[in-house]
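**Q** Modelling step: build the complete structure from the supplied sequences, incorporating the hints.
Chains as they are written, first to last, in our numbering: chain Z, 2 to 112; chain L, 134 to 245.
Please note that the accuracy of each hint is not assured.
[As the list claims (entries may be wrong)] The calculated lysine to any residue pairs, modelled on SDA-like cross-linking and capped at a C-alpha distance of 20 Å, are:
#1 Z:12 with L:175
#2 L:189 with Z:100
#3 Z:58 with L:228
#4 L:138 with Z:41
#5 L:138 with Z:59
#6 Z:12 with L:135
#7 L:138 with Z:39
#8 L:204 with L:146
#9 Z:58 with L:189
#10 Z:58 with Z:86
#11 Z:58 with L:204
Quick caveat, the hints were computed from the structure, so don't treat them as lab data.
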Amino acid sequence: DAGITQSPRHKVTETGTPVTLRCHQTENHRYMYWYRQDPGHGLRLIHYSYGVKDTDKGEVSDGYSVSRSKTEDFLLTLESATSSQTSVYFCAISGDWTSQYFGPGTRLLVL
Amino acid sequence: DQQVKQNSPSLSVQEGRISILNCDYTNSMFDYFLWYKKYPAEGPTFLISISSIKDKNEDGRFTVFLNKSAKHLSLHIVPSQPGDSAVYFCAAQTSGNTPLVFGKGTRLSVIA
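**A** Take a look at the structure:
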C-alpha cells in the first residue's frame with residue numbers, strides 16, 4: 002500500500018470555526034489531491050497540487066484553501082466551516098496524473 | 134455538467150454470476166479510463182484501467198471494455214464473489230496532465 006496517511010480521521014466541529022486536515026505521504030510523489038465524497042455526488046475534486054507551492058482549484062474549491070510547503074504534506078483548510086462541508090474527505094497521491102492512491106479518509110461533521 | 138456518468142446507483146448479483154458495471158462519458162477528449170473500488174470506511178483503491186487505443190483490458194476476473202464511438206465503458210467481473218461487494222467508481226482523464234474526473238459510483242452487492 003502507498004504510504005499515505007490523513008489526520009485527523011474523525012472530527013466534529015462547529016459552524017464558523019476553522020478546520021485544517023492534513024495529508025502526509027512517504028512516497029515522494031509529485032501530485033497530491035483533495036476530494037470530498039458525498040452521497041449522490043461520488044468523488045469531487047477540491048484542490049490539487051503538482052509540486053511544492055504549486056496548487057490549483059478543482060471542481061468544488063469554494064470555501065477551501067490548500068497549502069503545500071513540503072513534498073510530503075498537503076493541508077486542506079476550511080476557513081469557516083459550514084454544515085454543507087460535512088463530508089468524507091480523501092487525500093490522494095500519484096507519481097503521474099493517473100494511478101492515484103487514496104488515503105483512508107477523514108470524516109468531518111460540522112454542527 | 135457531469136462528464137462521467139454511472140447511471141446505475143446500485144446493482145445486485147448472485148455469487149458466481151457475471152457483474153457488469155457501466156459508465157458513460159461525454160467528453161470526447163478523454164483518452165484514459167480507470168475503475169476504482171471502495172469498501173466502507175476505506176479509501177478507493179485502483180482496480181483496472183484502459184487506454185483509448187485499446188478496446189479491452191483484462192486482469193484476472195476483471196475486464197474493462199471500451200467503446201469509443203458510443204463513449205461507453207463497462208467493467209465485467211466474472212465470477213462475482215461476495216468480497217466484490219463495494220462501490221465502484223469510473224474515472225476518466227484527458228491527456229496532458231489533467232486530474233481524473235470521477236463518476237458518482239455504483240454500489241455492487243454480491244449475494245451468496
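**Q** Next, verify each hint and record whether it holds.
**A** These are the hints, each one checked on the structure:
1. Restraint check for residue 12 of chain Z and residue 175 of chain L: satisfied, since their Cα atoms lie roughly 16 Å apart, inside the 20 Å limit.
2. Our distance criterion of 20 Å between C-alpha atoms is met by residue 189 of chain L and residue 100 of chain Z, whose separation comes to about 18 Å.
3. This hinted pair checks out: residue 58 of chain Z and residue 228 of chain L have alpha carbons roughly 18 Å apart, not beyond 20 Å.
4. Of the supplied pair hints, the one linking residue 138 of chain L and residue 41 of chain Z holds, its CA atoms being roughly 12 Å apart against a limit of 20 Å.
5. Restraint check for residue 138 of chain L and residue 59 of chain Z: satisfied, since their Cα atoms lie roughly 18 Å apart, inside the 20 Å limit.
6. Taking the CA atoms of residue 12 of chain Z and residue 135 of chain L, the gap is about 30 Å. The hint is violated against a cut of 20 Å.
7. A distance of roughly 16 Å separates the Cα atoms of residue 138 of chain L and residue 39 of chain Z; the hinted pair therefore holds under the 20 Å criterion.
8. Straight-line distance between C-alpha atoms of residue 204 of chain L and residue 146 of chain L comes to about 25 Å, which puts the hinted pair past the 20 Å bound.
9. Restraint check for residue 58 of chain Z and residue 189 of chain L: the C-alpha separation of about 33 Å exceeds 20 Å, so the hint is violated.
10. This hinted pair checks out: residue 58 of chain Z and residue 86 of chain Z have alpha carbons roughly 16 Å apart, not beyond 20 Å.
11. In summary, the hint linking residue 58 of chain Z to residue 204 of chain L is not supported, as the alpha carbons are separated by about 27 Å, beyond the 20 Å threshold.
Violated hints, in rising order: 6, 8, 9 and 11; the structure is consistent with all others.
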